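Engineer: Per this note's numbering, the sequence shown starts with residue 125, numbered consecutively.
If you are wondering where the hints come from, they were derived from the structure by calculation, not from laboratory data.
Hints are not guaranteed to be accurate.
Calculated cross-link-like contacts (lysine-lysine; reagent style PhoX-like; alpha-carbon spacing at most 20 Å) [said to hold, decoys possible]:
1) K184 <-> K166
2) K230 <-> K148
3) K148 <-> K166
4) K128 <-> K166
5) K127 <-> K148
6) K127 <-> K166
For clarity, every value in this text was computed on a predicted model and none was experimentally measured.
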Amino acid sequence: MPKKILIVDDSSTALMMESMILSKRTSYELVTAGDGHEAVQKAHSESPDLILMDVVMPNKNGLQACREIRNHIQTAHIPVILVTTLGEEECVELGFSSGCNDYITKPVNAQELVLLVQSYLEEK
Numbered sequence: 125m126p127k128k129i130l131i132v133d134d135s136s137t138a139l140m141m142e143s144m145i146l147s148k149r150t151s152y153e154l155v156t157a158g159d160g161h162e163a164v165q166k167a168h169s170e171s172p173d174l175i176l177m178d179v180v181m182p183n184k185n186g187l188q189a190c191r192e193i194r195n196h197i198q199t200a201h202i203p204v205i206l207v208t209t210l211g212e213e214e215c216v217e218l219g220f221s222s223g224c225n226d227y228i229t230k231p232v233n234a235q236e237l238v239l240l241v242q243s244y245l246e247e248k
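Modelling step: build the complete structure from the supplied sequences, incorporating the hints.
Structural biologist: Here it is, written out as structure tokens:
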């Protein structure tokens, strides 16, 4: 059964780009969400193996969603990679303090994204 990735971004362009990058180079099942609120719901209903999540989103931002995912026993184990334009040191620190496992900045480098995802999902 293929590993499942939940991609979360309020930008349909970003969702499409990340989905295209991963679907061309990997065989993972991809599920998408448009904001942090939907991300938390889908983390519970879809049980993804990894979450790629934007930070700046309406309804619930990525930091809030990450904290909520970490604070629930059913989803606390899921690795969360924040994918955002906010590359400043204080933003990165906020990301890690919210519970993310990794943090990469946009525009996403396709090879870097694939290698990072594989590092979390490939069997050792």
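Engineer: Look at each hint and say if it fits the structure.
Structural biologist: Here is what the structure says about each hint:
Among the hinted pairs, K184 with K166 is consistent with the structure: their alpha-carbon atoms are about 14 Å apart, no more than 20 Å. Simply put, K230 and K148 have alpha-carbon atoms about 19 Å apart, close enough for the 20 Å limit, and the pair holds. In summary, the hint linking K148 to K166 is not supported, as the alpha carbons are separated by about 23 Å, beyond the 20 Å threshold. Under the criterion of a C-alpha separation no larger than 20 Å, the hint pairing K128 with K166 is consistent with the structure, at around 12 Å.
Annotation: proposed proximity of K127 to K148 holds, straight-line Cα distance about 15 Å (limit 20 Å). The hinted pair formed by K127 and K166 meets the criterion: a straight-line CA distance of about 15 Å does not exceed 20 Å.
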